[in-house]
Every structure is written in structure tokens, then in C-alpha cells.
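Number of protein chains: 4
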Amino acid sequence: MDNFYGPGRNHLFVPGPVNIPEHVIRAMNRNNEDYRSPAIPALTKTLLEDIKQIFKTTTGTPFLIPTTGTGAWESALTNTLSPGDQIVSFLIGQFSLLWIDQQRRLNFNVDVIESEWGQGANLEVLASKLAADTVHTVKAICIVHNETATGVTNNLAAVRKILDHYRHPALILVDGVSSIYVALTGSQKALSLPTGIGIAYKLETYWPYTPSIHLLYGLRASLDLIFEEGLDNVIARHSRLAKATRLAVEAWGLKNCAQKEEWYSNSVTAVLVPPNLDSSEIVSRAWKRYNLSLGLGLNKVAGKKILFMFEESLILFALQNMGLLIGDGMDVENPILFTVFGCGGN
Amino acid sequence: MDNFYGPGRNHLFVPGPVNIPEHVIRAMNRNNEDYRSPAIPALTKTLLEDIKQIFKTTTGTPFLIPTTGTGAWESALTNTLSPGDQIVSFLIGQFSLLWIDQQRRLNFNVDVIESEWGQGANLEVLASKLAADTVHTVKAICIVHNETATGVTNNLAAVRKILDHYRHPALILVDGVSSIYVALTGSQKALSLPTGIGIAYKLETYWPYTPSIHLLYGLRASLDLIFEEGLDNVIARHSRLAKATRLAVEAWGLKNCAQKEEWYSNSVTAVLVPPNLDSSEIVSRAWKRYNLSLGLGLNKVAGKKILFMFEESLILFALQNMGLLIGDGMDVENPILFTVFGCGGN
Amino acid sequence: MDNFYGPGRNHLFVPGPVNIPEHVIRAMNRNNEDYRSPAIPALTKTLLEDIKQIFKTTTGTPFLIPTTGTGAWESALTNTLSPGDQIVSFLIGQFSLLWIDQQRRLNFNVDVIESEWGQGANLEVLASKLAADTVHTVKAICIVHNETATGVTNNLAAVRKILDHYRHPALILVDGVSSIYVALTGSQKALSLPTGIGIAYKLETYWPYTPSIHLLYGLRASLDLIFEEGLDNVIARHSRLAKATRLAVEAWGLKNCAQKEEWYSNSVTAVLVPPNLDSSEIVSRAWKRYNLSLGLGLNKVAGKKILFMFEESLILFALQNMGLLIGDGMDVENPILFTVFGCGGN
Amino acid sequence: MDNFYGPGRNHLFVPGPVNIPEHVIRAMNRNNEDYRSPAIPALTKTLLEDIKQIFKTTTGTPFLIPTTGTGAWESALTNTLSPGDQIVSFLIGQFSLLWIDQQRRLNFNVDVIESEWGQGANLEVLASKLAADTVHTVKAICIVHNETATGVTNNLAAVRKILDHYRHPALILVDGVSSIYVALTGSQKALSLPTGIGIAYKLETYWPYTPSIHLLYGLRASLDLIFEEGLDNVIARHSRLAKATRLAVEAWGLKNCAQKEEWYSNSVTAVLVPPNLDSSEIVSRAWKRYNLSLGLGLNKVAGKKILFMFEESLILFALQNMGLLIGDGMDVENPILFTVFGCGGN
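Protein chains in written order, with UniProt numbering: chain A, 1 to 346; chain B, 1 to 346; chain C, 1 to 346; chain D, 1 to 346.
Keep in mind the hints are simulated off the structure, nothing from the lab.
Check each hint, because a few of them may be wrong.
Just so you know, same-sequence chains aren't split out, so a pair can sit in one copy or run between any two.
Said to hold, decoys possible - Okay, derived cross-link-like pairs now, SDA-like style, lysine to any residue, Cα gap no bigger than 25 Å in a straight line: (1) 45 / 127; (2) 288 / 19; (3) 129 / 287; (4) 288 / 247; (5) 52 / 224; (6) 45 / 23; (7) 161 / 39; (8) 243 / 19; (9) 45 / 274; (10) 288 / 226.
Please read these numbers as outputs of a predicted model, since none were measured by experiment.
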């Protein structure tokens with residue numbers, strides 16, 4: 001299969017799968033093991049504990065789910081809501097569009113707030129909707145934290161503030177696939193999840209199904225790398241690299257797809273290709289001549305000829321193909337439910 | 001984490017994850033790649049074509065799903081049936097029990113035919129039920145091909161014959177997780193799966209979500225190994241090894257859990273532990289003294305003190321953690337739907 | 001190339017290359033690195049320090065040489081002796097025979113003390129020779145610590161005692177390839193090795209030639225495994241496994257090649273094949289039927305039809321293909337030069 | 001150990017170890033094997049046959065030696081010459097300097113022809129020396145084909161022509177470590193190497209010592225990659241990349257160390273650092289800020305502040321740490337001895 005590639009190493013710079021650190025590749029280079037032995041529960045315990053630090057929570061309950069981001073979307077929706085429930089969803093790019101499509105297929109009653117692609121979520125419209133919803137018909141707000149298709153990041157804290165302002169109990173469900181970030185919401189709903197909690201409880205020692213031993217060891221290695229560097233240092237590094245990328249884009253005389261600084265993403269930079277160039281031709285040449293994988297604009301921004309640049313992601317490899325949900329119960333001071341899911345790719 | 005194990009290699013002989021051939025481990029030892037590049041669709045195409053040979057079908061449509069066997073169970077049920085549909089399910093061991101639990105949670109109307117653990121599916125009861133169901137209320141027959149918990153294999157061809165005899169249109173859904181075998185059923189239902197077919201169609205070139213590059217390359221390596229040895233030779237080898245295992249069990253003065261030769265499994269041999277021994281103590285000592293992982297009896301047969309022996313499985317590693325469904329459309333001579341799912345572990 | 005093997009894993013039980021722990025395989029799974037960067041000297045420093053613990057010395061100077069045991073033989077001879085020097089060499093099996101052949105090709109004046117194969121070194125003859133050598137013509141005693149071909153271990157401490165008794169300054173050069181043990185000798189010679197010491201000095205920070213980055217990381221992983229288990233525990237484990245192997249040989253009604261308990265090796269057990277069996281046929285069948293590699297008797301003991309059993313060796317993989325010399329300078333109480341070389345195979 | 005590096009991948013651009021293709025890393029990711037089994041001799045046979053194609057010879061006899069380039073230097077000298085023999089050696093940079101040092105330590109009578117560093121071998125002086133040597137005292141010409149320290153390549157064909165012109169029987173010994181090229185010489189000497197030929201003969205089926213199984217499989221993978229791309233295509237690619245590198249150096253306003261186009265190397269480009277910059281500071285910053293390994297000027301050219309740029313080498317990884325000698329016997333038309341040794345690093 002390798003002969004689909006030219007000689008030498010392939011250079012991966014797409015807004016999709018990230019480059020895997022050699023340390024992580026090595027950790028997954030192994031035979032199978034018995035997941036019912038004493039070793040795997042002990043390993044799992046460290047993972048479930050340590051992953052909380054990535055989400056900066058001490059009380060949240062993380063779930064590791066053997067699926068992709070798309071599967072985690074579904075799992076989050078079906079385990080916290082009921083068919084027919086009304087939800088508000090922001091449409092700001094290709095991935096929020098796909099999620100909304102899934103929400104409709106799962107028979108939720110979706111109220112869409114759309115922005116021009118390249119802009120962030122329109123929070124003013126959300127505020128007016130919540131102000132009007134005094135009977136609390138809206139059960140959840142669905143928002144993509146970092147829209148990969150446009151390199152736009154939404155302000156989750158502002159969403160939380162709006163909900164608090166109107167004392168609205170709706171959940172916030174956040175797609176953190178290309179950001180790993182946290183979403184906050186006040187809700188008793190989280191307390192009514194016997195199945196989920198049951199699973200979480202079992203997870204503390206044993207898996208209720210066959211986990212991927214390899215991804216568990218890979219996740220362990222990823223966490224070790226992050227802790228060794230320091231989570232804040234990792235975030236600062238991505239911030240620095242992302243700024244450097246945006247400055248380079250400007251220096252080349254090109255334009256960022258994200259229209260305002262408040263929406264700049266630190267994990268994906270989408271660049272507008274000049275009108276006289278064909279972005280698919282650029283991607284094709286990069287592949288053939290330089291063994292270099294670049295991302296193309298999708299859907300609406302494909303018409304605007306967008307070429308993607310991608311910084312090394314905060315979302316390290318091992319999380320990919322393993323869905324991740326994290327939920328937090330009631331807390332007097334700051335009632336929140338962390339519902340972050342995703343990872344590394346939809 | 002490695003220090004949970006004693007020194008030296010761990011010896012894996014459980015009725016769960018199988019030992020991964022070094023060839024397959026090597027194939028998965030790599031960085032990420034762009035799944036939208038020309039290389040991955042080309043690789044995927046060879047996989048979807050070659051995997052049909054494993055299922056000995058030329059017209060079936062295989063689906064590769066990023067999930068475990070448990071997820072594939074759900075996917076098969078929700079994509080071929082509707083909530084409330086009546087289904088007949090055989091209960092012959094722990095895994096059929098778990099599947100029936102899932103069927104009930106998904107709101108199907110489940111009619112259970114139970115056998116003593118250690119025996120196969122009671123097909124006479126099925127025949128009388130189908131004979132009585134002249135209005136075709138039963139939409140599907142759910143059967144575990146190889147019950148891992150007891151080392152019992154069911155006769156799928158006999159199930160097919162009963163349906164044909166009564167010209168009954170119910171689907172046969174088969175859990176082939178520990179056997180990879182084929183299930184046959186006549187049904188127009190398969191033709192009414194626009195989403196599924198749409199996905200299958202797209203799969204011929206591109207993935208609609210982020211696949212695990214590593215599992216794809218691992219699957220490629222697995223298929224190469226099987227084709228190199230010859231599928232029939234692989235099956236013959238497992239048959240030979242399984243027979244040798246059963247003869248060894250007898251020579252040791254022990255008894256097989258599977259009660260009749262017609263139910264003997266060629267991929268799992270479950271052994272009854274003598275009444276004076278504690279099977280969990282055997283497993284514990286094997287772990288501590290010999291770095292050897294053995295399987296314990298589950299649920300009902302735990303009471304009967306069953307110790308598992310496990311031959312190297314026909315189901316090679318790469319299929320694990322990647323659900324697999326294969327469906328065949330209408331065929332005048334032999335109307336069948338292959339609905340095999342599973343792989344390597346639930 | 002893999003198709004030279006039958007399906008499934010190959011089982012390695014030869015008196016040659018040992019099975020590599022997965023931890024070590026993983027450590028060597030990497031790209032090249034710049035050996036002149038700050039990282040490799042730092043890694044090398046830990047290796048040179050930690051390897052002393054394996055040799056239980058605090059003052060010895062270890063040398064890592066990119067070669068096999070055969071190359072380390074040559075390096076030890078040519079760096080401590082001069083052409084024409086008289087040396088005493090024990091011939092007790094195939095590997096001592098090969099070393100003597102090399103000693104003669106390198107123009108040393110070799111006085112051979114031969115034993116029947118299956119017996120240890122004849123130390124009485126050595127004692128009488130040293131008693132007679134009052135003018136100290138003999139410059140070195142060459143002895144294979146563990147003769148792989150016969151599973152015989154020599155008593156190095158007894159050799160040291162004889163030299164001390166006659167106050168003889170000859171060096172003891174020990175082939176520890178299949179044992180990793182220490183050799184002792186009193187000699188000022190070791191102090192007159194400017195080149196060697198120069199190299200050793202440089203080695204503390206930088207390599208004078210291109211080292212194998214992979215073997216260095218592998219060695220690091222090997223040492224970590226040994227230290228984690230505890231060196232004495234590792235030795236005790238091999239002692240226990242070797243005893244179990246010898247008891248099993250007896251229980252099978254077969255005979256050990258090593259003729260007396262004092263010569264029993266804890267890393268290689270050589271078994272006499274009954275006269276009515278053809279040992280090469282046994283090895284050939286094991287290979288074809290069971291994908292199992294066994295060792296054959298070599299040279300003289302081939303006539304006696306010897307089949308080898310091999311316990312997992314104390315000599316972990318990473319040392320293989322990397323010669324190892326360790327030299328200790330003058331010490332008032334116990335004047336010794338550790339000159340151990342070899343490892344993992346000649 | 002990994003924490004000696006910054007986060008992310010290390011970028012290797014040194015005139016030393018080359019980046020290893022993932023295909024080759026994968027091939028070496030394995031347990032040990034019995035080198036006396038039928039598999040390894042079969043593998044070795046394909047290697048010895050296929051490696052001739054890399055050297056473009058059909059009659060040469062390749063030797064694989066478990067050592068570094070430094071060891072292969074010694075092996076070539078001591079197996080083709082006798083102590084005291086007179087040899088002519090070109091001194092044009094750090095590696096030819098080190099080889100000459102070794103030649104002197106091995107007691108050869110070395111006549112050095114020195115060039116300014118940055119220039120190639122002075123062939124006019126060689127011609128006059130050979131013209132004067134009518135009694136054929138000179139037994140060998142030692143020349144580094146590609147001087148890594150200065151990025152200078154020597155014209156070996158011109159050396160061959162001079163020897164032919166004077167009908168001089170001296171051997172040409174070529175260090176091809178950073179080029180893999182062929183050296184030619186007319187000599188009956190090659191025919192008088194019973195040991196060498198004996199080894200070569202044995203090598204066709206069995207190894208006389210323990211080879212590195214891993215490097216053999218790595219070499220197999222390297223050769224497969226080269227043959228897949230086509231050797232001439234590999235050479236053309238390096239020529240193209242090297243030219244692009246030199247053009248880039250000019251475009252940056254910097255100067256090449258190699259002083260004339262006839263000496264330009266296609267595997268190493270050495271760049272003169274402007275007088276106002278400190279090259280060691282450049283290397284240090286590249287390491288700390290960018291996780292990027294660059295090479296420094298050595299010895300004489302260190303004074304001239306040289307910074308190295310290194311193209312992906314023709315010498316793929318698996319050859320490294322495995323010396324390689326290739327010798328060709330008498331041939332009526334073109335009496336030659338290929339004596340190439342080295343690879344991937346001294």
C-alpha cells in the first residue's frame with residue numbers, strides 16, 4: 001500500500017488526523033492483552049483519573065467510548081436527551097452542519113442559529129431565544145467549540161453566562177473534537193443517568209465490553225507527554241504556534257478565513273486562497289510533488305477556495321477513534337455538567 | 001504500566017482478545033495519514049473487496065464500522081429493524097444473554113428460546129414458532145453463532161432451512177464475533193436501507209468519518225496473511241487445533257462444557273473444572289506464577305466452575321474494535337442476506 | 001520473507017538469540033537521531049553508569065563496542081595482549097574451540113588445556129602450569145564462562161584463587177557471551193592502555209564513531225527491566241527455571257550433557273538425545289510442525305546427538321550485536337581486571 | 001530519555017545518521033529469530049544477490065559485516081594488505097584524516113596527498129607518483145569517495161584511468177560511507193583471500209557468527225524500497241534535491257564549501273557560514289527552538305564556520321551499523337576489485 005505515496009516521508013498538515021508522537025506510536029506497538037486481568041483495570045484507573053486534569057475538573061466523570069467523534073456526538077445526544085426534545089444548535093461551518101444533520105436524524109426538534117461561515121456563533125440570538133423560553137422548553141444548546149472548516153473558535157464561557165443570566169437549566173453539549181475544551185451547564189439532568197453512571201462506576205475497575213488495549217496504552221503515553229511538558233505549557237505552545245502561523249499568512253499576502261480576532265482558533269488556521277488560484281490544484285500539487293497532505297475547504301467555503309493550514313494539535317493521537325465524554329454532577333457554587341466529547345476527528 | 005505483569009512475556013489464552021501476529025503489529029506501527037488523500041480510498045477499496053472472500057460471498061456488501069462487537073450488535077439491530085418489532089432470540093450462554101439485554105433496551109419485542117448452558121440453540125422450538133407465525137409477525141431471528149461462554153457452535157444452515165421450509169421472510173441476525181461465519185436470510189428488508197447503502201457506496205472510495213488508519217492497515221495485513229495461507233487452510237488448521245485441544249482435555253480426565261459433538265466449537269474450548277477445584281484460584285495462580293492469562297466461566301457456568309481454553313482464533317486481530325457488517329441483496333436462486341457482525345470481542 | 005515460517009508465532013528456544021521483551025522491542029521502534037546532539041551523550045552516560053551494576057562493580061570501566069561476540073573476542077585480545085604472547089586456553093566445547101582458532105589466527109602462542117565435552121575446565125592442569133611458570137611467560141588465561149555447546153559453566157572464582165595462590169600476574173579473559181559474568185585478574189597491564197582509556201573517557205560524553213541509536217535505547221530499556229525486577233531476582237529466577245528444566249529432563253528419562261552438578265549452567269541446558277533418535281530430525285519436525293526453533297548439538301557433541309533446551313537468558317537482547325568490555329584497574333585488597341565481553345551470541 | 005528533546009518530532013538534518021523510512025522501521029519491529037533456521041539463510045541469500053544491484057555489479061562478492069564504517073575501514077585494510085605495505089592516501093577533510101590515522105595505527109606506510117579542505121583529491125600528484133613507481137611498491141590507493149566534512153565528491157573513474165594508464169596493479173580502497181559507490185582496481189590480490197572467500201561462501205547460506213536479524217530485515221526493506229522506486233530514479237532524485245539545495249544556498253546569499261562544480265556532492269551540501277555569525281550558536285538555537293538537529297563543521301572547516309545541510313541520503317538506514325564490503329575478481333576486459341565499504345556513518 002505504501003506505493004501510493006512517493007519516496008520519503010509523507011508530511012501531514014491537514015485539519016484532520018494529527019501527527020502521532022513517536023512516544024505514542026511506541027506505546028501502542030504491542031500484542032493483545034487480557035482486559036479482564038488485574039493489569040488493564042489498574043491502567044484504566046490511572047487514565048480516568050488523569051484525563052480529568054486535561055479537562056481541568058476534579059469532580060467530572062469521564063467516559064471512554066470506542067468510537068469516532070461522530071459516534072460520540074450520537075452517544076452524548078441519546079444519553080442526555082429524549083427523542084422529540086427541543087434543542088438549539090449553532091451552524092457556523094461544515095462540522096456543525098453535519099452534527100445538526102445527525103440531530104435531525106435522531107428525531108430531535110432542532111432550532112438552528114446560522115452564522116456566515118468564517119464567523120462565530122451568534123450569541124445575541126441565543127440570548128433572545130432563552131429570554132423568551134420561560135417555560136424551559138429548550139433542553140440543550142449544541143455548539144461546536146472549534147469549527148475545523150473555518151478555523152473559528154466559539155466563546156463557551158459567554159454561552160454559560162447567558163444561561164446563568166436567564167437561570168435557564170438547558171444543557172450545553174459541546175463538540176470539542178478539534179479543541180478539547182470544556183463546556184459548562186447547570187442541570188439536574190446529569191443526575192438522572194443511571195445507565196451512564198452505572199457504566200462509569202464499572203469503568204473504575206472493569207470494562208463492560210472489549211476495549212482497545214492499544215488505544216488505552218496510547219492514551220496513557222499521550223497523557224504522560226502532556227503532563228511532562230505541563231498542560232499550560234502545551235496550551236501556550238499551541239497559542240504561540242497558531243499566532244506565528246497567522247502572521248506568516250499575513251506576510252504571504254493571504255487572508256485568514258476566521259473574520260475577527262475573537263474567533264481565532266489556536267488549533268486550526270484556515271487560509272483564503274486568492275481568487276486566481278485553484279485550491280484543489282494546490283492540494284494536488286503538494287501531494288504529488290512534495291508528498292505533503294494539505295486540507296481543502298469543505299462545502300460553502302470550498303466555493304471561497306479555502307486552503308487549510310494546520311498546527312500540531314492539542315488533541316494528541318491516542319484520543320482519536322476513542323470517543324470521550326465527561327460529565328460533572330451538581331455543585332452548589334457552580335452547577336455544571338462538563339459534556340465534552342470528541343477527539344481527533346469526526 | 002508494564003510492571004503489572006511479571007517478568008518475561010505474558011501468555012494470552014483467553015476467550016477474548018486473540019494474539020496478534022507480528023506481521024499485523026508491524027503493519028499498524030505508523031504515523032497518521034490523511035484519510036482524504038488518494039491512498040486511503042485505494043486501500044479501503046482493496047479491503048472491501050477482499051473481505052468478501054473471508055465471508056465467501058461475491059455479492060454481499062461489507063460495512064466497516066469503528067466500534068466493538070457490542071456496537072455492531074446495536075448497529076445491526078437499529079439499521080435493519082424498527083423499535084417494537086418482534087424478534088426471536090436464542091439464549092444459550094453469557095453473550096446471547098447480553099445481546100438479548102441490549103435488544104430489550106432498544107425496545108424490541110423479544111421472544112427468548114432458552115437452552116441449558118452447554119447446549120446449542122433449540123431449533124425445534126423455533127420451527128414450531130415459525131409454523132404458527134403465518135402472518136409473519138416475527139421480523140428477525142437473533143442467534144449467536146459461536147457462544148464464547150460455553151464453547152458451543154450453532155448450526156446456522158439448519159436455521160436457514162427452517163425459514164425456507166416455512167417460506168418465512170424473517171431476517172437472520174448472527175453474532176459471529178468469535179467465529180466469523182455467515183448467516184443467511186431471505187429478505188427484501190435489506191433493499192430498503194438507503195442510508196446504509198449510501199454509506200456503503202461512499203465507502204467504495206471515501207470514508208464519511210475519520211477511520212482508524214492503523215486498523216485499516218492492520219486489516220490489510222490480516223487479510224494478506226489469510227490469503228497467503230489460504231482461507232480453507234486456515235479453517236482446517238483451526239479445526240485440527242480444536243480437535244487436538246478437546247483430545248487433550250479428555251486425556252487429562254476433564255470434561256468439555258459443550259455437551260454434544262454437533263455443538264463443538266473450533267475456536268473456543270470450554271473445560272469443566274472438577275468439583276473439588278476452585279476455577280478462580282486456577283486463573284489467579286496462572287497469572288501470578290506463569291504470567292499466563294486464562295478465562296473464567298461467566299454467569300451460570302461460573303457456578304459450574306468452568307475454565308476456558310482458547311485456540312488461536314480465526315478472527316485475526318485487525319478486525320477487533322472495528323465492527324463488521326456484511327449484507328447481501330436479493331438473489332433469485334438463493335435469496336440471502338449475509339448479516340455477520342462482530343469481531344474479536346464484544 | 002515471513003512466509004518461510006508457518007502460520008502463527010514462531011517459538012524461539014535456541015541456545016542463541018534470546019526472546020526480546022516487548023518493552024525492549026518498543027524502545028527500539030524509532031527514527032534515527034543525531035548522536036552528536038545533547039541527548040545521546042546524556043543517554044550514554046546513564047548506560048555506562050548503570051551497566052556497572054549488572055557487573056556488580058563500582059570501579060570497572062565498561063566499553064560498548066558495535067560488534068558481535070566474535071568481534072569482542074578479538075577486541076579483548078588485541079587491546080590487552082601483543083602478538084606472540086603466550087596464553088593458556090581451555091577447550092571444553094564448540095565456542096571455546098572457535099575462540100582458540102581466533103587466538104591462533106591473531107598470532108598468539110596458545111597452550112590448550114582440553115576437557116571431554118560435557119566437562120568443565122581442568123583447573124588442576126592450570127595450577128601445575130602456573131606453578132611451573134615462575135618467570136611469568138603466560139600473559140593471559142582465556143576461559144569461556146558458560147559453554148553454550150554443552151551447557152557447562154566454569155568456576156571463575158577458582159581460577160582467580162589459583163592465580164592468587166601462585167601470585168601470577170596473568171590476565172583472565174572471560175567469554176561471558178551466554179552468561180554475563182565477571183572475570184578477575186591482577187594486572188598492571190590494564191593501566192597501560194592509553195587508547196582504550198582515551199576511548200572510555202570520550203565515551204562518558206560523546207561517541208568517537210556512529211553508535212546504533214536503536215541498540216542504545218534498547219539497552220536502556222533492558223537495564224530498566226532488570227533494575228525494576230532487581231538483578232538478584234533476575235538471577236534467582238534463572239536459577240529456578242534452569243533447575244526446573246533439568247528436573248523435567250530427568251522426568252522425561254533423558255540425560256543432561258553437563259556431567260556434574262558443579263558445572264550445571266543456569267542459562268543453557270543441553271540434553272542428550274537417546275541413541276535411537278536422530279536429533280536433526282527432532283529439530284526439523286519441531287520447525288515444520290510446531291513453528292518451534294530448537295538448537296542442535298555442534299561438532300563433537302553433534303556425534304553424541306545433543307539437543308538443546310534454552311531458558312530465557314539473563315542476557316537480554318539489547319546487549320546483542322553490541323560487544324561489551326568491562327575493565328577494572330588496580331585495587332589493593334582485590335587486584336582485579338573485569339574483562340567480560342560478549343553478549344547474546346557470538 | 002525522551003525528555004532531552006522538546007515537544008513534537010525531532011527534525012534530523014545532519015551529515016550523519018539519515019532519517020529511516022517508516023517502511024524500514026516497521027520491518028525491524030520484531031522479536032529475535034533463530035539465525036540457523038531455514039528462514040534466515042534464505043533471507044540472506046536474497047540480500048547478497050540484491051545488494052549487487054545497488055553496486056551495479058554482477059560478478060562482485062558482497063560481504064555484510066556487523067560493525068560501523070570505522071570497523072569496515074579496518075576490515076578492508078587488514079584483509080587486503082599486510083602490515084608495512086605502502087599505500088597512497090588522499091587527505092581532503094575530516095573523514096579522510098581519521099582514516100589516515102587508522103592506517104598509520106595499523107602500521108601501514110602511508111604516503112599522504114593533501115588538498116585544501118573544500119577541494120577534491122589532487123589526481124595530478126597521484127599520476128606523478130605512480131609514474132615513478134615502476135617497481136610497484138604502492139600496494140593500494142585509499143580515497144574517500146564523498147567527504148562528508150566538506151560536501152566534496154571525488155572522481156573515482158579518473159583514479160581508475162590513471163592506474164590503467166600506468167598499468168599499475170595497486171588496489172583502490174574507497175570509503176563510500178556517505179555515497180555508496182564503487183571502486184575499481186586490477187589485482188590478483190583479491191584471489192588470494194581464502195578466509196574472505198571462505199566467509200563469502202558460507203554467507204551464501206549460513207552466518208558464521210550471530211547476525212543482527214533486525215538489520216537483515218531492515219536491509220531487505222531498504223532494498224525493496226529502492227527497487228520499487230528504481231535505483232536510477234533514486235539517484236536522479238538525490239541529484240535533483242542536491243541541486244535544489246545548492247540553488248537555495250545561493251539564493252540565501254551564502255556560499256558552498258565545495259569549491260568547484262566537479263566536486264559537488266549529491267548527498268551532502270556543506271555551507272559556509274558568514275564571518276559575522278557563530279555556527280555553533282546557529283546549531284544550538286536550531287536544537288533548542290525548533291527541535292532541529294543540524295551538523296557543525298569539523299576540524300579545519302570548523303575554523304571556517306561551516307554549517308551543514310544534508311539531503312536525504314542514498315544510503316538508506318538499514319545499511320548503517322552493518323559494514324559492507326564488495327569485491328570483484330579478475331575480469332579479462334576490465335580487471336577490477338570492487339572494494340566498497342562503509343555505510344550511513346563512520
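Hints the structure violates: just list their numbers, smallest first.
1, 3, 7 and 9
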